[in-house]
Amino acid sequence: MFGMIVMNLSCMPARLLATGSVLLLNLFIVQAQASSSSEPPASREALVISAKRVAQDGAKATVVVEVIDRQQIEASGASNLAEFLESVPGLGLSRLYGRMGVDANVDLGYLGEAASQNVLFLIDGQRQNALDSSNLRFARLPISSIERIEIRKANAGALYGDRAQGGVIHVITRNDQAKQVNLGLGSYGSKQFDTYLGFGQGDLKASVSYMSAQSDGYRASSRSEQDSAQFGLTGEGGWGRFKLFARGFKEKAELPSFLSFQEFAMTPRKAGAYPVTSERTGEAFGLRYEGKSIKGLTWSVDINEQSSRDKTYEVIQNKRTLINPEVAANFGSWQGLFGLEFSEAQARTEAGKVVEQQSRAIYLQSSRAVSADLDLELGARSQRASTQFQAEVGAVASDSTYQQSALSAAFNLRVAKNLTLRTGALTGFRLANADEVYFFNRETYALLSIHDAVKPMTTRELFAQLEGNYLGNRYGIHYRQIKADNEIGYQYDCGVVAGVKASCNNNLYNTERHILSANVFWPATKSLLVKASVDLVDAQIESDANAGRRVPLTAKQVARLGLIWRLESVDLLANAHYRGSLVQAADQSNSSPLIPARHTVDLGFRTSLSKHWQLSAWIRNLTDKSFYDYATYNGIYPADRRAFYFNLRLTTI
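Our numbering numbers the first residue of the sequence shown as 8 and each following residue consecutively.
No wet-lab data here; the hints were simulated from the structure.
A few of these clues could be false.
Computed beta-carbon distance windows for the label pairs [claimed, not checked]:
1) Gly359 / Ser550: 35 to 41 angstroms
2) Thr614 / Ile310: 54 to 60 angstroms
3) Lys198 / Ile301: 50 to 56 angstroms
27 angstroms max Cα-Cα, derived BS3-like pairs, lysine-lysine [stated by the list, open to error]:
4) Lys508 / Lys198
5) Lys67 / Lys277
6) Lys533 / Lys424
7) Lys632 / Lys67
8) Lys508 / Lys326
9) Lys186 / Lys257
10) Lys508 / Lys462
11) Lys277 / Lys259
12) Lys632 / Lys538
13) Lys326 / Lys259
14) Lys212 / Lys198
15) Lys632 / Lys277
16) Lys250 / Lys299
17) Lys277 / Lys186
18) Lys198 / Lys318
19) Lys318 / Lys257
By construction, the Cβ of each residue, glycine as well, lies at the ideal position given by its N, Cα and C atoms.
Please build the complete structure, drawing on both the sequences and the hints.
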């Protein structure tokens, strides 16, 4: 029933989305004005960083940033970051190989198949996306080390440049002095140990976190093992403030390959025809120093180095070094931020294929209070990337250079006492990844030769969000229009290269998306809390032979419903998630059957055994639905079925 309601709502034509927005905006304004004399002032929101790279009051941010604190993450029962992100409104997650998040595809902005290449993943402000097209490695950070997650649901090209077109997932790690241990057990041989230890006092603090997880997986030949660790040290005094970190991760995963539709219907747990074992490792080191403020002027510098190694079909090594100085100052009524980025990155295979990229960027953010109820923010970024390609050891290198720019302008208007309107125009871009500039064997995916004709993808976004608080309820409505030119994506048939049938990545077409999202946080009673959200999406191809067709891997409707029922000694929790049908990946003609719609239900409970001990348990996919979120021209990737998970947590201060 829940899914049917959403499907009926989403049948309206795309052009009616704007009409619906106007009607809802008027309703919200009337409610806010009616409550302005009786409602208490809205509480001050948490500080956010992802709106303009420096901390600010979230209530005054000019773009949509959802802040999720550690308590919310722990209450979700999620055993890893990928599992938690699936519950966030406006964000999609397609799993290929189980609940541990191996090769999961994250979609912020309904960008489809290449979504993970258009979402920027930051840890403490530092870029985590590799130079190649590998999906985000969620195993790189223990979930116990996370203080909060900021999700910027707007293009961030003017702030962060490459890969930020869909938005930003920004993980901020903790440095408190608590000690915490989590033990987890679950179906399919799932085991997890996750710990956080904080030390120090006064101006010097240190922390260590470690996570080890393993699962045999729902399917045959799908065992996964993940280990990650992080060390952090922070200090401050009259000289300024510093933060030092070191982290590393290791992941070994059996990838059971795809199944045909017939195989999925008969034996969804079997391995496919081309199973392979993947081994990934990585480490990162960094230092951030913030100088002492002098007459309203502050400065900082970030230095970090990351490296990773991925052995699947062949060994690919990634490395990046980044230096990022910033200066912030006040100029009359304006607040300004000026920054530079110097980046050196490399992706290298054992066979001698090398992609090296030098990137230089300059960016400026400025904001001011136009009036007591209106804030304005402007931003600009220019980035020059020079890339060299070498097809084999000793070969002559070819190169290309692109200069890309991005702009932003946004407002925050307090329409009424408990009602805020955010609106703006944003642009962004994405450069081709290291493995997107090669032809590769369409059967084995082995890299063949250079394909350096792929141009940068660019986007333009208009957005508006109305957010309010009425009689204790929080609600919001958010509209995004995203136009993309030269969208980069997978092309199955790229001819014959060196006698081998080749695939490649190309600038496929231009696209346009209209996204209307609504959400509510409703304390129905003193003991019952309701959270609900609906996304209605119209994503179409706008050019070439497939103009007018749906963008692959974008649902027309997505809905979530969450209930928390607080009893005397236990909390009962229920989550329902509906995702509409999708066009399969790598099917630019939309000729294959749709990936079917699906709805899942999770049930859980949590209780405190004592002051320091807490127990929680979850049933995932309660109704044991057999479904899949990802499919390509050659087959489908089944999702997990019903599973049980238990977690015991010890926390001391």
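Hints, one by one, checked against the model:
no.	hint	result
1	Gly359 / Ser550: 35 to 41 angstroms	37 angstroms, holds
2	Thr614 / Ile310: 54 to 60 angstroms	45 angstroms, violated
3	Lys198 / Ile301: 50 to 56 angstroms	52 angstroms, holds
4	Lys508 / Lys198	42 angstroms, violated
5	Lys67 / Lys277	52 angstroms, violated
6	Lys533 / Lys424	25 angstroms, holds
7	Lys632 / Lys67	43 angstroms, violated
8	Lys508 / Lys326	30 angstroms, violated
9	Lys186 / Lys257	24 angstroms, holds
10	Lys508 / Lys462	23 angstroms, holds
11	Lys277 / Lys259	19 angstroms, holds
12	Lys632 / Lys538	23 angstroms, holds
13	Lys326 / Lys259	20 angstroms, holds
14	Lys212 / Lys198	31 angstroms, violated
15	Lys632 / Lys277	17 angstroms, holds
16	Lys250 / Lys299	14 angstroms, holds
17	Lys277 / Lys186	41 angstroms, violated
18	Lys198 / Lys318	24 angstroms, holds
19	Lys318 / Lys257	12 angstroms, holds
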